[in-house]
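Visitor: Sequence:
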Amino acid sequence: MGRSPCCEKAHTNKGAWTKEEDDRLTAYIKAHGEGCWRSLPKAAGLLRCGKSCRLRWINYLRPDLKRGNFSEEEDELIIKLHSLLGNKWSLIAGRLPGRTDNEIKNYWNTHIRRKLMSRGIDPVTHRSINEQHGSNITISFEAAAAAAREDNKGAVFRRDEPKMAPAAITHQMEWGQGKPLKCPDLNLDLCISPPIQEEKPVVKREAGVGVCFSCSLGGLPKSTDCKCSSFLGFRTAMLDFRSLEMK
DNA sequence: AATAACCTCAACCGCGGACGG
DNA sequence: CCCGTCCGCGGTTGAGGTTAT
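Everything in the first sequence is counted per full-length UniProt numbering, starting at 1 for the first residue and increasing by one.
Everything labelled a hint here was simulated from the structure, so no lab data went into it. Hints should not be assumed to be uniformly reliable.
[What the hints assert, rightly or not] Dumping the calculated PhoX-like pairs for lysine-lysine here, alpha-carbon to alpha-carbon at most 20 Å:
{"no.": "1", "residue 1": "Lys105", "residue 2": "Lys66"}
{"no.": "2", "residue 1": "Lys30", "residue 2": "Lys42"}
{"no.": "3", "residue 1": "Lys42", "residue 2": "Lys80"}
{"no.": "4", "residue 1": "Lys30", "residue 2": "Lys51"}
{"no.": "5", "residue 1": "Lys19", "residue 2": "Lys30"}
{"no.": "6", "residue 1": "Lys30", "residue 2": "Lys14"}
{"no.": "7", "residue 1": "Lys30", "residue 2": "Lys66"}
{"no.": "8", "residue 1": "Lys14", "residue 2": "Lys51"}
{"no.": "9", "residue 1": "Lys115", "residue 2": "Lys51"}
{"no.": "10", "residue 1": "Lys42", "residue 2": "Lys19"}
{"no.": "11", "residue 1": "Lys105", "residue 2": "Lys80"}
{"no.": "12", "residue 1": "Lys88", "residue 2": "Lys105"}
{"no.": "13", "residue 1": "Lys42", "residue 2": "Lys14"}
{"no.": "14", "residue 1": "Lys19", "residue 2": "Lys51"}
[To be verified] Restraint ranges, calculated between C-beta atoms of paired labels, are given here:
{"no.": "15", "residue 1": "Arg38", "residue 2": "Glu73", "range": "12 to 20 Å"}
{"no.": "16", "residue 1": "Asp64", "residue 2": "Ala16", "range": "21 to 29 Å"}
{"no.": "17", "residue 1": "Asp75", "residue 2": "Ser39", "range": "36 to 44 Å"}
{"no.": "18", "residue 1": "Thr12", "residue 2": "Ile129", "range": "26 to 34 Å"}
Cβ coordinates follow ideal geometry from the N, Cα and C atoms, glycine included.
Model the full structure from these sequences, guided by the hints.
Guide: Written out as structure tokens, the structure is:
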């Protein structure tokens with residue numbers, strides 16, 4: 001038994017979005033907010049599937065998107081983050097306000113890969129192409145794990161507790177022969193600017209982690225509205241960091 | 001000027017994970 | 001615990017644009 005299709009394909013448009021579709025989607029989301037993508041197309045009068053609407057909004061229509069070329073600083077940050085996180089484009093995007101995972105992924109594949117290759121660096125391993133052999137990369141976030149253990153209330157990172165911020169993590173990468181490489185200038189503190197839309201914090205299902213709207217946006221410091229016990233970005237990141245150790 | 005080759009990036013696809021019944 | 005549903009992610013595709021010949 002296969003998976004049911006995300007939508008009724010027979011009656012949905014595909015391909016490039018028209019101006020009218022963009023306007024409808026934007027107007028609907030401004031009026032009702034994001035969420036419930038499956039029912040959104042029908043409610044907004046769009047002949048698109050929910051996934052398509054979500055993608056269009058996130059990658060193109062969102063008002064907080066920074067458009068235009070990537071700066072040199074952004075380039076370097078992407079390279080550093082990729083060396084730590086791998087192809088976790090959504091996590092990388094979380095550290096680049098106004099940039100989307102799709103945009104960064106495309107930019108990586110079209111520009112940065114080539115840039116690294118021209119520097120003689122393998123874009124996958126981030127090692128010099130000349131010293132490829134025996135290249136088991138281990139990325140250790142043990143410091144973060146230890147910090148989490150310190151907090152006997154559970155490994156919960158809160159936005160309003162600087163001591164728990166990801167920036168406190170010592171990123172230690174052991175390259176092959178156990179040489180540590182530190183990235184002291186890399187701030188992994190998640191920074192996502194809130195979209196330009198006024199909305200009451202609502203409990204929202206997001207990435208499988210139940211968090212309030214303010215936390216899902218990166219956390220509003222000391223928000224009394226916050227009822228959730230976790231910070232989405234970093235909790236998710238923690239899971240991914242752990243999985244990185246297996247790569 | 002024509003067209004072939006290459007590049008870019010918006011959009012699609014399929015999968016995995018989380019949640020609720 | 002199982003199953004169906006939904007969301008979000010990463011990989012891939014292909015249309016349109018640009019550059020080279």
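Visitor: Next pair to validate is Lys30 with Lys42; report whether the Cα-Cα distance is within 20 Å.
Guide: holds, 16 Å
Visitor: Between the alpha carbons of Lys19 and Lys30, is the straight-line distance 20 Å or under?
Guide: Between Lys19 and Lys30 the Cα gap is close to 16 Å, so the pair holds against 20 Å.
Visitor: Run the distance test for Lys42 versus Lys19: straight-line Cα separation, threshold 20 Å.
Guide: Cα-Cα ~18 Å, so holds.
Visitor: Is it true that Asp64 and Ala16 lie within 21 to 29 Å of each other by Cβ?
Guide: Taking Cβ atoms as reference, Asp64 and Ala16 lie about 23 Å apart, which means the hint holds.
Visitor: Per the hint of 12 to 20 Å, is the separation of the Cβ atoms of Arg38 and Glu73 within bounds?
Guide: violated, 38 Å
Visitor: Compare the distance between the alpha carbons of Lys88 and Lys105 with 20 Å, and conclude whether the hinted pair is satisfied.
Guide: Judged against 20 Å, a Cα distance of about 9 Å means the pair holds.
Visitor: Are Lys105 and Lys66 close enough, with their CA atoms no more than 20 Å apart?
Guide: At roughly 15 Å apart (the allowed maximum being 20 Å), Lys66 and Lys105 satisfy the hint.
Visitor: Can the restraint linking Lys30 and Lys51 be considered satisfied, given a maximum Cα separation of 20 Å?
Guide: It holds: about 18 Å lies between the C-alpha atoms, which stays within 20 Å.
Visitor: Can you confirm whether the C-alpha distance between Lys19 and Lys51 stays at or below 20 Å?
Guide: Roughly 18 Å separates the two Cα atoms, so the pair holds.
Visitor: The hint says 26 to 34 Å between Thr12 and Ile129; measuring C-beta to C-beta, is that right?
Guide: violated, 45 Å
Visitor: Between Lys105 and Lys80, is the straight-line Cα distance small enough, at 20 Å or below?
Guide: holds, 14 Å
Visitor: For Lys115 and Lys51, compute the direct alpha-carbon distance and say whether it is at most 20 Å.
Guide: Since the Cα atoms of Lys115 and Lys51 sit roughly 33 Å apart, the hinted pair is violated (cutoff 20 Å).
Consistency with the previously given hints fails for numbers 3, 6, 9, 15 and 18, ordered from lowest to highest.
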